[in-house]
Amino acid sequence: MDKIRVIDIKRSIFDNNDKDAEKLREQLKQEKTFLLNLMSSPGSGKTTTLMRTIEMLKEEIKIGVMEADIDSSVDAEKIATTGVKSIQLHTGGMCHLDADMTRQGLTEFGTQDMDLVVLENVGNLVCPAEFDTGAVKNAMILSVPEGDDKPLKYPLMFSICDAVLINKIDVMSVFDFDLEAAKERIKALNPKAEIFPVSARTGEGFEAWADWLRKNVTAWNE
Amino acid sequence: MHEMGVVLNIVRTAQEAAKANHVAKIGRLTLQVGELTGVIPKYVHACWPAAIEHTILEGANLVIEEIEGIATCKDCGCDYSVLENMNADQPVCPTCGSKQWKVKTGREVMIKDIGVIDD
Ligand SMILES: Nc1nc2c(ncn2[C@@H]2O[C@H](COP(=O)(O)OP(=O)(O)O)[C@@H](O)[C@H]2O)c(=O)[nH]1
Ligand SMILES: [Mg+2]
Ligand SMILES: [Zn+2]
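Going line by line, the protein sequences match chains A and B.
Just so we're aligned: the first sequence equals residues 21 to 242 in the numbering used here.
Just so we're aligned: the second sequence equals residues 346 to 464 in the numbering used here.
Calculated from the structure, these hints are not laboratory results.
Honestly, I wouldn't trust all of these hints.
Unchecked claim - With a cut-off of at most 20 Å between alpha-carbon atoms, the simulated SDA-like pairs for lysine to any residue come out as follows:
| # | chain 1 | residue 1 | chain 2 | residue 2 |
| --- | --- | --- | --- | --- |
| 1 | B | K419 | A | P211 |
| 2 | A | K23 | B | R373 |
| 3 | A | K30 | B | I409 |
| 4 | A | K39 | B | Q360 |
| 5 | A | K173 | B | V448 |
| 6 | B | K449 | A | S32 |
| 7 | A | K23 | B | A369 |
| 8 | B | K447 | A | D182 |
| 9 | B | K364 | A | R25 |
| 10 | A | K173 | B | K449 |
| 11 | A | K23 | B | D463 |
| 12 | A | K173 | B | I415 |
| 13 | A | K105 | A | E51 |
| 14 | B | K370 | A | D28 |
| 15 | A | K212 | B | K419 |
| 16 | A | K30 | B | T450 |
| 17 | B | K444 | B | V427 |
| 18 | A | K207 | B | A433 |
| 19 | A | K30 | B | E361 |
| 20 | B | K370 | B | D458 |
| 21 | A | K173 | B | G383 |
| 22 | A | K203 | B | Q435 |
| 23 | B | K444 | A | D169 |
| 24 | A | K30 | B | R357 |
| 25 | A | K30 | B | Q377 |
| 26 | B | K444 | A | S179 |
| 27 | B | K447 | A | S179 |
| 28 | A | K39 | B | L353 |
| 29 | B | K370 | A | R31 |
| 30 | B | K364 | A | N36 |
| 31 | A | K52 | A | R234 |
Model the full assembly from the supplied sequences, consistent with the hints where possible.
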């Protein structure tokens, strides 16, 4: 019988992707383009939030949107009504985007002259958390109907996000959502996370969120 | 499916490792999967045959070792199992009752080693 020789490797399978992501960030820095990775469960309000954010910032910042959420050609069309450029990425049923797919998407889209590109990631809270897309900042949306205990169920996602939007606060009383408890749970996982309670429907809370985004885009692109 | 993306990354990493070690064929691969990742061993096994077709791993056996999720308590410093100390979806330190913790192990997806057949 053949003898099997064992070679120690001890390498994380995320190593390659982490390196690709770092390279992409360097490229974005040179091109003065800020990439925001926006994540959430399906239906939490990514597209609605984006529409409102675009309306607030489009006069001062040149924005583009890359749609990667499954079945979201509708989303790309909706975004188009705001007048900013958008592109639909074809993820072939993948549950997340990695840095290489993101870079290809940006190239196809042609983002050199954009100040801010938002990536609407695939709607799930597990896989996108494990693959760095190369984005400058990660933001996620937790919507009120999902419950204030959601952070406990998806600790990794909450721990990698720079900003967490708590959306649909207009229906907080209907769902018996405890905002303070949700904030506390997010802070326990990620003390540095900026938390924005918002309603993409009424516009409540959007000033603070837009300020955060504007500040970060300006700092990255100067 | 999430595991397909993971397996494709395993193949890529293994290919590089094989090249670095001047290996032409891999007969076995040991993968370590942390309990706190979203990666489910059963599903990795399920998509393994399709992912390794026509690669250096074609026909290779996959062995998966699970790594326990261990938390370090931020208040008293002790280490404890995350999954064995869940209370209402949240780990609680069995020594001091604190809910402040950080992950020590259990988030890794690593290729531990490869088995090669020498001619
Ligand atoms: N009540 C309420 N509904 C919202 C809010 N934001 C989004 N929705 C609704 O939630 C549904 C899903 O929103 P969408 O933006 O498509 O979510 P996505 O799948 O994350 O892009 C739509 O019916 C929206 O009208 C909000 O702030 N309050
Ligand atoms: Mg959408
Ligand atoms: Zn303790």
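Sort out which numbered hints this structure fails and list those numbers smallest first.
none
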